[in-house]
Amino acid sequence: MSDPLLTPKEQMVVMAARLLRPAERVLVGVGLPNLAANLAKRVHAPDLVLIYESGILDANPKSLPLSIGDPVLVRDALATIPMLELFSNYLQTGWIDVGFLGGAQVDCRGNLNSTVIGPYEHPVTRLAGSGGAADIASCARRLILMLPQDLRHFPPQVDFVTSPGHPPEGRRPDGQGPAWVVTDRGLYDFDDEGRMRLRQLHPDETLATVQNATGWPLEVHPDVGHWAPPTDAEYEALRRLVSTTPVDRQASA
Amino acid sequence: MSEAVARYIEDGQVLYLAGFTHLIPFAFGHEIIRQHKRGLTLCRATPDLLYEQMLAGHVAEKVIFSYAGNPGVGLLPVFRRAVETGAVAIEEWTHFEMVARLAAGAAGVPFWPVNTLDNDLSRRRARPRVASPFTGQLVPVVPPLAPDVTLLHAHAADEEGNIYVDGLLGEMREAALAARRVLVSVETCEPARELRAGRLTLLLPAFRVASVSVEPWGAHPSYVLGRYDRDTLFYRQWDAQARQELAVEAWLHEFVYGVADRAEYVRQLPAGRLRTLKEAALI
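Residue numbers (the working numbering), protein chains in the order written: chain A, 1 to 253; chain B, 1 to 283.
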C-alpha cells in the first residue's frame, strides 16, 4: 500500500532525493527539486552541495525558500557569485554533477518544454520559458526530470523543445543528458538508445494505468517493481521541511 | 529620483532594470510609470512583478527576457496576457545567453561564446557559430546587449557616489557596465570610511554612475539583504490580483499614480508588515 500520509507529490520528492549521492554538486531549481535536494541533505547526504542558478554556492537553508534567490538561501551559504561566473565557470565547465528540471511536457527522449503550449507565435498558453533550463540540460553531468504524469504532460511530441534531451539517433555521445524521470506514477531511466524506460512503479499504479497516462508505447525494464515506501527518517524530515517555509513565518507574524 | 528619470529616460530607449530576485529597482519602475514614458524596450533576465507593473502602466513595447515566472508561485499574469494577445513584442534567451550578452556589452566585444546545445529557441534565431582561429572548434555565439540606460537599487552610496552592495549580485554588475548610463537608488548614504571597513563590497565606482537617489525601501517587494526581507506574501497575492485587469489598474492607482514618491508608497504599506520584513532580515 502507498503511504496515506504522503501526497503523490511528496512521494515524488522522496524518490528524487534517493537519486542524489553524497557530496554531489546539485544545481537546484524551485519547487519539488528544491524539496528533494533539501530532503537528501537531511537524510542520507549531509555533504550534498546545493547550488542555485541565482549564484548561490553551497547553501544550507534553515527553512525552505519560495524562490531561488531568497535571503534564507543566502544567509548560511558559502558564497554568492555573479550569475555569469556560475554559468560560465561552474556549469559550462562540467563542475555540476546533477541538474534538476521540471516542465509542462516531456517526450520519450527527455526533451522538455517549459516555454509554450501551442504555436510559439500564437500561444494557447505562454509559460515562463527557459531560465537556466536549456543551459543546465546542456552542461550538467546528469539530469533528473520531475513532473506529474498524464497525457497532457507526456504527449507523443512536445510543443517546444526548451531543454534538449537525448538526440533522435541515440543517447548523448558525451554521456550526459536526462538520466531519470520522477513522476507521481513511477520512476524512469533511459535505455542505451536514449529512450525513456519504466524502472519502478508507484505502489498504487499498474503497467496499464501508467501506459494510459503516457502518449507513446512505454518501454518497461525487465526488473520493474514497486518502489520502496518512505522510511521513517524520510517521512519525518520531509514533514519538518514543509512545515518551515518563510511564508508561514510571515503570514503568522 | 524624479529628476533623474525625467532627465535621463527618453521614450523608445532600451532599459535594463537589474537585480535577480534581490535588489529589484521597484522605485525606479514606478517613477517611470508615473512619468508616462512610452515605447520602451525593457530587458531583464526575470521580468518579475516589476515588469508586470510596468507593462500594466503601458510604458513598454518590447520585453527582452529569459524567465517570465513568479518563482515558487506560478506565472506572470499581466505579461502572459500581453504576450498571448500580441500587445507586447518579446525577445527570448536562456539565462546564460542573457548574462553572456551583457558580458559582451560590458566588455565592448562583438559576441560571446555560449556552449548551450541547440534547442527550439536557438533554432528559431538560427544562432550563429564562430570557428576558433586557434583550434578551429565551432562555438555558438550571442550578440552584445548594451542598454541605453541601466537602473539598479543598492545598499549604500558614499559621499562621492561610489555604490556598495552585499549578497546576490545576479547580473547587476554586467548590466550596469554594459550601459552608457547608470542610474542608481540606494537605501542609505554613508561615509566612505565606514563603508570600506564594513562588509559591503563595491559594485560600481562613482565615475560609472550618472545619478544616485536615496530611496529607502526602494526594492520592496523584493529585498535588500540585511535590511529587509523579501515580501513573499506580496508575491503570492499578486498572482490572484493580476489575473484581473481591473484589479491591476486599481493597484496602480493606489500605489503608483496615487503617490508622489517612494516615501509616500511606503506610508501606504501596513506598518506591521514593514516591521516584520525588517526583523526577518536581521535573523
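Just so you know, the hints here were simulated from the structure itself, not pulled from any lab data.
Note that CB positions come from ideal geometry on N, CA and C, so glycine has one too.
Hints are not guaranteed to be accurate.
Computed from the model, here is a short list of chain B residues facing chain A with C-beta under 7 Å [what the hints assert, rightly or not]:
(1) I33
(2) E171
(3) T232
Reference listing, derived: stretches of chain B covered by chain A, where coverage requires no fewer than 3 residues with Cβ under 8 Å from a Cβ of chain A [to be verified]:
(4) 94-105
(5) 236-245
Hint check against the structure, violated hint numbers in rising order: Hints 1, 5 not satisfied by this model.
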